[in-house]
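Novice: Sequence:
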Amino acid sequence: MIAVLTEVPRLYYLFARELKRRKLEFYSLTFADAIPEKVRVVLTSEEEAARVNFPCVVAATEKSAVIAVEKAHSLAKGLGEHYSQLVVGIDPGEKPGLAVLGDGKVVHAAQLASPEEVSSSLEDLLRIYSCDSLVIKVGNGGGVFRQRLLRVLQKRFSFPIELVDEHATTPSLGRGDFSREVRDIIAAINIAMKQGRRLRKKVEVRPTPGEIKNIQKHSRQRSGSITISRALAERVARGELTMERAIELHLRSLRS
1 MIAVLTEVPR LYYLFARELK RRKLEFYSLT FADAIPEKVR VVLTSEEEAA RVNFPCVVAA
61 TEKSAVIAVE KAHSLAKGLG EHYSQLVVGI DPGEKPGLAV LGDGKVVHAA QLASPEEVSS
121 SLEDLLRIYS CDSLVIKVGN GGGVFRQRLL RVLQKRFSFP IELVDEHATT PSLGRGDFSR
181 EVRDIIAAIN IAMKQGRRLR KKVEVRPTPG EIKNIQKHSR QRSGSITISR ALAERVARGE
241 LTMERAIELH LRSLRS
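In this note's numbering, the protein residues as written are 1 to 256.
In case anyone wonders, no lab produced these hints; they're calculated from the structure.
The beta carbon of each residue, even a glycine, is placed where N, CA and C say it ideally should be.
Zero decoy hints are in this set.
Below are the DSBU-like pairs computed for lysine-lysine, each with C-alpha atoms no more than 30 Å apart in a straight line:
{"id": "1", "residue 1": "K38", "residue 2": "K23"}
{"id": "2", "residue 1": "K23", "residue 2": "K77"}
{"id": "3", "residue 1": "K63", "residue 2": "K23"}
{"id": "4", "residue 1": "K95", "residue 2": "K202"}
{"id": "5", "residue 1": "K20", "residue 2": "K77"}
{"id": "6", "residue 1": "K155", "residue 2": "K201"}
{"id": "7", "residue 1": "K213", "residue 2": "K202"}
{"id": "8", "residue 1": "K213", "residue 2": "K155"}
{"id": "9", "residue 1": "K217", "residue 2": "K95"}
{"id": "10", "residue 1": "K194", "residue 2": "K155"}
{"id": "11", "residue 1": "K95", "residue 2": "K23"}
{"id": "12", "residue 1": "K77", "residue 2": "K194"}
{"id": "13", "residue 1": "K105", "residue 2": "K194"}
{"id": "14", "residue 1": "K38", "residue 2": "K63"}
{"id": "15", "residue 1": "K20", "residue 2": "K38"}
{"id": "16", "residue 1": "K155", "residue 2": "K95"}
{"id": "17", "residue 1": "K38", "residue 2": "K77"}
{"id": "18", "residue 1": "K105", "residue 2": "K20"}
{"id": "19", "residue 1": "K213", "residue 2": "K201"}
{"id": "20", "residue 1": "K23", "residue 2": "K105"}
{"id": "21", "residue 1": "K63", "residue 2": "K155"}
{"id": "22", "residue 1": "K77", "residue 2": "K63"}
{"id": "23", "residue 1": "K63", "residue 2": "K95"}
{"id": "24", "residue 1": "K95", "residue 2": "K20"}
{"id": "25", "residue 1": "K105", "residue 2": "K155"}
{"id": "26", "residue 1": "K63", "residue 2": "K105"}
{"id": "27", "residue 1": "K63", "residue 2": "K20"}
{"id": "28", "residue 1": "K38", "residue 2": "K105"}
{"id": "29", "residue 1": "K155", "residue 2": "K202"}
Derived Cβ-Cβ restraints for the label pairs, each shown as a range:
{"id": "30", "residue 1": "E37", "residue 2": "S119", "range": "38 to 44 Å"}
{"id": "31", "residue 1": "E123", "residue 2": "E7", "range": "25 to 31 Å"}
{"id": "32", "residue 1": "A34", "residue 2": "S114", "range": "42 to 48 Å"}
{"id": "33", "residue 1": "K217", "residue 2": "S114", "range": "17 to 23 Å"}
{"id": "34", "residue 1": "A49", "residue 2": "F159", "range": "26 to 32 Å"}
All chains, full assembly: derive it from the sequences and hints.
Specialist: As structure tokens, then:
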């Protein structure tokens, strides 16, 4: 059982929301309460951790609350927080799938909002889990989204990166059997489990003409009628602009 012990209202809300989302039972405690015998892990803030007299405490900030709940759940199930090896598997795409294996067991899985989000997600994970070694494995598909993701990883981290053949990593069942999010996460887990080829060259983001045209098509679908310029579409492809911002800039250019 997990207990939440914090006097920070926003953090308590984030803990409780994530615990309820995962359908995990938990105790809500104050510092005047005795910790029940059933409790195996206490969730609290980094500032309050020293006040918690309990052998297993997971401290978090508002930013890392969701991952802290995941760690608390793992510890409550008897899994560890330090591993000989962490393997990060990533299924590249507009919304990449992410999976983390600790000594062969899945300790974290999620779908990211963008390729660039991998940086903050991995930084949060490393605040929660520790390891002797870490390797990042990225699927070899995804086009410009893979390039953007690799660019971020190479810029922010020094961990070894491997490119993995994505063949047979995504579930081959009908589209109705899994949501897109679940399919991407399963693919990320499978990528983490496969042997890859070490990436040694610096990656540059170079969208293809087809990818740029596809973004222009999406701009029409998103706006209803507006086709953004090739230059703006290329900036969207490179992750420099959101689609909404590109449409706004295109409209502004037409009015000027």
